[in-house]
Structures are given as structure tokens and as C-alpha cells.
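Here is what each chain is made of, one letter per residue.
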Amino acid sequence: MTALLEVRSVQKHFGGVAAVAGASLDVEAGSITALIGPNGAGKTTLFNIVSGFMRPERGTVVFDGRRVDRMAAHRVSRRGLVRTFQTAKALTRMTVLDNMMLAAPDQPGERLWGLAANPVGVRRRERQIERRARELLQLVRLDGHAGEYAGTLSGGQRKLLEFARALMTRPRMMLLDEPMAGVNPTLGLELLDRVQDLRHSQGATFLLIEHDLEVVMAVSDVVHVMSNGAVIASGPPDEVRRSQDVIDAYLGRHGEAAEPRA
Amino acid sequence: MSALLSLEFWSLVGVVAGIYTIFAAGLQLQFGYTGLLNFGHVASMAVGAYTMAILVVKEHLPLWGASLAAIGAGMVFGALLGLPALRLRADYFAITTIALAEIVRYFTLNEQSLTGGPLGTSNLAGATQVAQYNGSWTAFQHQVQGWLHGVVGSHAGSDFTMLVIVWVVALACLAVLHPMLRSPWGRVLRSIREDEDAASALGKPVLSYKLQSLAIGAGFGAIAGLMYAFQFQFFSPDDFDPTITFYAWLIVLLAGAARMWAVPVGAAIFALIFSGTRFFNFKPFTYLDAAQLAYLRLMVIGAILIALMAWRPQGLFGKREEMVLE
Chain A
2 MTALLEVRSV
12 QKHFGGVAAV
22 AGASLDVEAG
32 SITALIGPNG
42 AGKTTLFNIV
52 SGFMRPERGT
62 VVFDGRRVDR
72 MAAHRVSRRG
82 LVRTFQTAKA
92 LTRMTVLDNM
102 MLAAPDQPGE
112 RLWGLAANPV
122 GVRRRERQIE
132 RRARELLQLV
142 RLDGHAGEYA
152 GTLSGGQRKL
162 LEFARALMTR
172 PRMMLLDEPM
182 AGVNPTLGLE
192 LLDRVQDLRH
202 SQGATFLLIE
212 HDLEVVMAVS
222 DVVHVMSNGA
232 VIASGPPDEV
242 RRSQDVIDAY
252 LGRHGEAAEP
262 RA
Chain B
168 MSALLSLEFW
178 SLVGVVAGIY
188 TIFAAGLQLQ
198 FGYTGLLNFG
208 HVASMAVGAY
218 TMAILVVKEH
228 LPLWGASLAA
238 IGAGMVFGAL
248 LGLPALRLRA
258 DYFAITTIAL
268 AEIVRYFTLN
278 EQSLTGGPLG
288 TSNLAGATQV
298 AQYNGSWTAF
308 QHQVQGWLHG
318 VVGSHAGSDF
328 TMLVIVWVVA
338 LACLAVLHPM
348 LRSPWGRVLR
358 SIREDEDAAS
368 ALGKPVLSYK
378 LQSLAIGAGF
388 GAIAGLMYAF
398 QFQFFSPDDF
408 DPTITFYAWL
418 IVLLAGAARM
428 WAVPVGAAIF
438 ALIFSGTRFF
448 NFKPFTYLDA
458 AQLAYLRLMV
468 IGAILIALMA
478 WRPQGLFGKR
488 EEMVLE
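Top to bottom, those sequences are chains A and B.
Residues in the first sequence are numbered consecutively from 2, following my numbering.
Residues in the second sequence are numbered consecutively from 168, following my numbering.
None of these hints come from the bench; they were simulated from the model.
Keep in mind that a hint or two might mislead.
Said to hold, decoys possible - Between beta-carbon pairs, the in silico distance windows are:
hint, chain 1, residue 1, chain 2, residue 2, range
1, A, GLY41, B, GLY239, 48 to 56 Å
2, B, LEU250, A, GLY41, 35 to 43 Å
3, B, GLY313, A, ARG128, 32 to 40 Å
4, B, VAL243, A, HIS14, 34 to 42 Å
5, A, ARG128, B, PHE176, 49 to 57 Å
6, B, PRO480, A, GLY156, 46 to 54 Å
7, B, SER375, A, HIS14, 29 to 37 Å
Stated by the list, open to error - One side of the interface only, derived from the structure: several residues of chain B facing chain A at Cβ under 7 Å:
hint, residue
8, VAL224
9, LEU228
10, VAL355
What the hints assert, rightly or not - Where chain A lies over chain B, by a calculated footprint (3+ residues, C-beta under 8 Å):
hint, stretch
11, 346-353
12, 406-420
All figures in this text were calculated on a predicted structure; none of them were measured in a lab.
Note that CB positions come from ideal geometry on N, CA and C, so glycine has one too.
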């Protein structure tokens, strides 16, 4: 199986701090892959690099056979690699439905000449988009809020909106930055079910940053562990759980291990 | 009080309101819908007016061709304004726009051989002859006045004719903008106003949309510049000082951000204040001379802006809840 996403020796400094210091990892097509690590390990910076929001100083990012590390963020997104943000970015003074409809790809009405030349096509596409947007809102139980400003949603609801909005783009791979943070646990588990469904039904690929290790161990096929800007362990959840490096990274080299080593 | 009853006076107020409706509509697009802090909007007006005048006087282009070229020049100017500046954060972009507008004004002041310099457009053809750019405009206006005579009778003076023309243009501008703003294109603009990172994460080319918004907004600025030039038959760099930009801001904030159809109302209120020193013909205002009264209206405009920000930041037609969402 070839990797859909290949990150090779990526480096990024902020001043004198090496936020990402030669990180490498693979994400297999159709997998659910987790990226874990303590605060400040460089996970979000790596996400920013992979999604085109930052340029790495060194190293390459290859998505679906094409280098994306010098690509503008919107082009990376259009190639099917779509991200969410740690703090959900709801477009607050737009309705929930508008948030969703915005995200749809191939909109002739987004171009002025398309608007002028093909008004009928624009309206038809709008109807299709709206139908799909309402379906996805139902999926995350926000259909009752479709007409409200997104700014009226709670933090957890914004996370769900952002997840559904990213789905509107019909991504091939999603980068989810702490998708469960602030989401009520029942809904969070549903969201994970959704992730697993999408993987099975459409072969979608997921890379997620998550702090809840129970969740990570339960859903992911592969776990990458970052510490101090590098990937220090990769493998199936059970294997990674037993790695001494991982335990050291999380708990400190001289700390008392909370769990006995198996 | 006879001035207040004359059709001439109210026509003038209406013309000012119409010109500023077109002008502020451009800023409304840029700020209200796209979130771009443009503090140099007046420059698009200057580019429009000067391009037309120069092409007519020096290149002997027909007025319509020169006017189209002027709108085009305004749009190019808007896009150029964006190219270097949009890589900056919003507040630094705002500072750059002020600087650029001042560069345009100083250019028109000093590049005498091209613009006529401080003497304005009457000096366009050199010191020996008085230049006129509006010969065919006057002819056109007479023609319209003739038609209006047939409709409303002989009240239709040249001021009233200008009023009708300006408002036909202004409403046409709003009618063009209306479907654009309601379209998926307008939705992308609003998403950039809300969070440009979210927009690019969803595959929207943010820079391209910002440039489109700046260019089209500046195009409306240029149209306003043309109307201004036609109304006054003569203009100079002094007509494009930074205060004009803030008049547009007053109108947009009065109307409410992202309320395009409220712009004419804001512009009408502004025009009343602007022309309204004539109202102040009673004590204690009679102690002030005309120049002092002219400054008084600037103070009134400033006071309204402050009061709006303090008590009604959403403007007259905006929604309060939009101001508190985060």
C-alpha cells in the first residue's frame, strides 16, 4: 500500500525554537491515523505546514504523488487535502447554512463571469449544494440551527459545524485538529462513528490530532507520536502504547509511570 | 429661509447624495462585505476624474471613451493598491491605503505637465488657454433636460437634470451590485471578512477575491469621480483630500456594514449635513462667518461618527446582534 501523504524531514523554526525539527511520517490511503504528543510537540505546526498555511524551511510534503509544501493553502485544499482548526473557525456573521454552502467545490457562481453567463446553472448548483448542506447538517445535528448566525453556536457546535463544512468540500483526506475538544462526549463519539463510516464507505483518509488517548487507541489504525518537533514513534496503537520513548515523552524520563509497563 | 424652499438647493443636496452613494457603495463592497479597511478610497475618485479629463483635453478622446477608460483606470488602481498591501495585516493595510491616496494627491499637485498641478483642470492645456473637458457632457445634459421638460415641465433646470442623471447612475450601480452580493461570489467575500484562513482552508483563493473587491470598489469610486467632475466642470487636487474618504466612512457606518441598500440613506443624511450650513442662519450661528460655518459641518460629521461608535455601532440599518458575535 502506498502512502497518500508523505512527510519527509520537515523543519520549521520560530526564532530560535525548532517547532518542527525534521519530522517524517506517512499516512496510508483509507486509514485513520492519529498524531499525538505533549503540548508544544509541534503537531499543530506540522498541520499548518501540511495544509499549506506555512512553508517549511526544509523537507518535503507529498500528497497523492504531488509536492504540496510550496503550494498555497487554497490549492492544497482543492487537491482534496482539507483541514480543520484547533479553535474552530466558524464564520460568525454568516448563517450556519451559508457556512456550509460556501465550502462546496465547483461553484460556477463564485466567478463573476459565471454569474453573468450562466445564471440558470448557478441557481441549479445552489439547489444541489443546499440539499447536500442540509444533509450534512443533519449528520452533526445542527439542522435545527441552519438559519441562525454561526456566531450563536457553542464551542462544541462550532467544531461540529467545521467538521461538516470540511465534508462539504468532498475531501479525499481530512486533517482534524482536536475534533473532539469541547464537543459533548455522546456527540463526539457519533462524530468518530461518522469518521469510521466515511472511511469504510468512501475510502476517505483521516489524520487527527487528539489528546484523549482512549479515543485515539480505539479508532486509529496507526499512531504517530511527536515530541520536541520530531516523530519519535509510529505504529499500531498497542505497539505505540508500550514504547518506552512514548511513556518518557508524556511523563518525563524520571517520572513515575502512571501505568505499569506491560 | 427661502434657500430651503428652492428646488435648486434641494437638487444640489440630492446631487451630492447621489455622487456619495456611488462613492460609498464602493467602500461598502470593500469594507462591509470583504472586511478590507480602505482609508484611501478618495484616490479612486481622483484617478477616475483625472483620467477622464486628461484623455479628453490632451488626447481628444470622445467623452464616453474617456469615461470608460477612467473607470478601467480606477479598477486597475484598486487592484494595484491591493497587490503589495494585501500581504500585510489588516491594520497595516489600512495605513498603506492612506499613504497611497496621499501619493496620488501629491502626484496630481506636482506633475503639472500631466495634471495641471494646483491650478487644477483649467490648466490642463497649458497656461495660455483654459481647458474644458465637459463640452460633450454639457450637450448631453441639455439633451436630457429637453426630455425632462417633456415629462415634468419647465421646472427642470440644469441642477434638476444633473440630479436625475446622478441618481439613475447611482441606482444602476446598486442594481448591478445587488445580484453580485447575493451570489456565491458575495458569499466568498463575506467569508473572507469573517475569517480568511477559514476561506482558504476551504479552497477559496482569498487574494484574488480581495483584488476583485478592491478593483470593483475602486471602479465605483472612479464613476463617482466622473460625476463629481461633470457636476463642477472644474476640479483640482484639493478636491481629493483625505476628508473625502472619511465622508464615505461616515456614510457606510451610518448605513451599517454590509447593508448596501442603506447606503443612499446614509449618503442623504451626509449630504444634508454637508450642504446644511445654510440651515444655521439663526443665532448663535450668525456670529460665525462662512468659513467658520464650513468647519462647523466637519465638526458635526466628526461628532456623529463618535456618537455612532459609542451608541449605535451597527449603524441605522445594521443588526445589533452582528456586532456582538465573536
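Run through the hints listed earlier and report the numbers of any the structure violates, in increasing order.
Structure breaks hints 3, 6, 8, 9 and 12.
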